[in-house]
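Each chain, letter by letter, is given below.
There are 2 protein chains.
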Amino acid sequence: MLSQVRPSPKERERLRLISREIIAKIERLAEERGMVLQAMLVGSAARDTWLAQDHDLDIFLGVPENSDLSEAMELARLVAPEHEERYAEHPYVHARVDGFEVDLVPCYLVDDASRLKSAVDRTPFHTRYIKGKIAGLEDDVLLLKQFLKGIGVYGSELKTGGFSGYLVELLVILYRSFPDVLRAASHWRPDTVLDLEGEGKKLHDEPLTVVDPVDPNRNVAAALTLDKMLLFSAASRSFLDRPSLEFFFPREDEPLSDEEAQARMDARGTMPLILQFQAPDVVEDVLYPQMRKAEESIRALLTRKGFLILRSDVLAYRDRAVMLFEMEGWELSRACRRTGPPVWEAEHVARFLAVHPHPLSGPYIKEGRVVVEESRKHNCARDLLAAELEGLSLGKHLSEAIRRGHKIYAGQEILEIRDREFRIFLAQYLDARAPIY
Amino acid sequence: MLSQVRPSPKERERLRLISREIIAKIERLAEERGMVLQAMLVGSAARDTWLAQDHDLDIFLGVPENSDLSEAMELARLVAPEHEERYAEHPYVHARVDGFEVDLVPCYLVDDASRLKSAVDRTPFHTRYIKGKIAGLEDDVLLLKQFLKGIGVYGSELKTGGFSGYLVELLVILYRSFPDVLRAASHWRPDTVLDLEGEGKKLHDEPLTVVDPVDPNRNVAAALTLDKMLLFSAASRSFLDRPSLEFFFPREDEPLSDEEAQARMDARGTMPLILQFQAPDVVEDVLYPQMRKAEESIRALLTRKGFLILRSDVLAYRDRAVMLFEMEGWELSRACRRTGPPVWEAEHVARFLAVHPHPLSGPYIKEGRVVVEESRKHNCARDLLAAELEGLSLGKHLSEAIRRGHKIYAGQEILEIRDREFRIFLAQYLDARAPIY
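Taken in order, these protein sequences are the chains called A and B.
For what it's worth, UniProt numbering labels the leading residue of the first sequence as 1, then goes sequentially.
For what it's worth, UniProt numbering labels the leading residue of the second sequence as 1, then goes sequentially.
It is possible that some hints are incorrect.
Any copy, or any two copies together, can satisfy a pair, since identical chains are not distinguished.
Unchecked claim - Pairs of lysine-lysine, BS3-like flavour, derived with a Cα cap of 30 Å:
(1) K305 x K366
(2) K133 x K407
(3) K201 x K305
(4) K117 x K377
(5) K305 x K159
(6) K407 x K366
Hints were generated in silico from the structure; no laboratory data involved.
All chains should be built: construct the whole structure from the sequences, respecting the hints.
And the structure:
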């Protein structure tokens, strides 16, 4: 088991060599330009807590507080001529070097982690803290990381909303072993507060608070969603009860064939609606939150009009954005109620009646209000979505992308989407099976 | 107009004669038997506020407080050999005499209306109060009664939930004329309090309080529903704005033909569900409240399972009971969600998962709870109703009646019910048009 997650001596040696090389190159270039700059390996590579096959190198380029990050960025560009520029709070350089994914991140060298100029400035403090405490616990970190990966809650980016590497390390330091973390997590409930150094008090309205030992006003688990937190808790319980390698290495989902998909859909008897459009050219950490917001807006539209949603999900792959709404009730009568003002508001009543001169039924009085029954504009969910979609405010990026072109698939039509990524997504969506017993 | 509602001199003379005759007969019989008994004409006939064609005579047989009502009842039976016995709080005799509907009601003669032995004992006080105040206002009472009748809110029995004759008389005495009652009612809102004698304070949680001048702790309008009260208010406004005889004498509804019914149903695109059974042999004032309760129970069942109801209504005619549920959404997917306990309730979760071993999807975690998706038992409203009806507690009378036999009609099948009464009900139901503009 451990052999599958622990990098081999050869892998470690390669990582060490490459990182040393890159750091040497940075220092040489800085010296040439007379810059005060400190290059440092941070993250899991620095802490010996990286998973085999995870070939990520985070190298920070620290400059004094009073200098300018742009010079460091300039230098990072020179280190890796083949690179792309990415943006978090500040720009940084991403490059592939000898099969490693290398991030070269400019940051400020500050004295006190609670007085940062930028969020990345905190990372060196994290590395220092973990390095001082982690000795002997590295394997437990690897096991926990792989466990979280296996159950689908590893990664604090917004798409996942799971556990960051730093959070994993803190949990292992706190509870002293992989099984002890699981035992503790088994009992978690919302509003759990953990603190390695202090007395621990809830900082914000987040389900799990883990006080950052280098900055006590920060919650390391701020990005963790309630459901991912509790999935880990339930999976921990299940694993302790019936341990299995499958938690770490679940069977990979195969793309659904037409026949399989058809059979699953028949059994469910639902009406899947898919909205597909070209994804705007933004990173996942921007795209997914926007898609989630749009998902909520469309859910609200459908629900407000009386259609019932069983479940929904979103997916971005390649240049595509897909939003799936699985309808539990998708057709309604033509006739619907329009509830007007209270009867005693004479002017409002008069105006309401003037606007509804020829109802199917009514006007009548119900619970103190004037009511008419008339024809609804759209009596099936697909028509409603098609008609109202462009009128929804779905955020600038998505609204534009949808206006440029989109397609709605309903029922069996969704099988016209044959992409492997989509069919795997569909398999996972239909399973929706978390590793809990 | 007035000539249509005001009894002719000949009609009045007949009523006077007949009531005098009956009272004389009662007094004679009482004398023969040595009973202390006071026979009196009460109600609208006594007050000259009866509508032409309304041939109702209420004659009370008052006996001293310390005697027994059963003797008076015995006597009432002798007065009208052809009669039926009815029950309110106590039994009374109902008979047809020369084209009049005569109620012979035993009651106690009490000194103070606030210290009654039975609700009917209050009536003589009402008659005395009204007789002392109504002189010159009789025509206004007749107009208001006919207006209320025309808009469908006259009658305080439980089926109607409208205005009693006594309430009408009090309103006219308070506001001094028919148009002034309408003008005042135009401005009514819930929690209106009227008091002819005192300062008027709300007695109970009823939308309109009219303090009974002969018993200040009683609300004369207690039976009036919010919607009937406000319908009168809105119709008053509409009538004052555009007076029309139609308010008093609306066009009678014709029974719907198959073709008309079909056309109306097509336009609505709803799914009517009708539950029909033999009405239990109880009076309307018992039957209707029970049917309304059963209507609520069935609405709750359908709604709880995700089906949408546009409107519902009930009807009793001859020996039949009919409950109509017009469905706005009547078909759902096979798949449905079952939401389990919060994740941290380990034992409950384990039990929940054991009970749902092979879901269509899941288990997964949603908003802190374990969720599975499985097949619902009934995915259309008709099947649900058919399967669960006998398990609902619909009150003793109705539950038994339904168990003895019932039929469910769905969609076009409802046209198999060809009774004239039902087809008129259907026409009124589909119109649902209150006289408000």
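Checked hints:
no.: 1; hint: K305 x K366; result: both (20 Å within a copy, 23 Å between copies)
no.: 2; hint: K133 x K407; result: neither (53 Å within a copy, 76 Å between copies)
no.: 3; hint: K201 x K305; result: neither (43 Å within a copy, 43 Å between copies)
no.: 4; hint: K117 x K377; result: neither (54 Å within a copy, 60 Å between copies)
no.: 5; hint: K305 x K159; result: within (29 Å within a copy, 34 Å between copies)
no.: 6; hint: K407 x K366; result: between (41 Å within a copy, 29 Å between copies)
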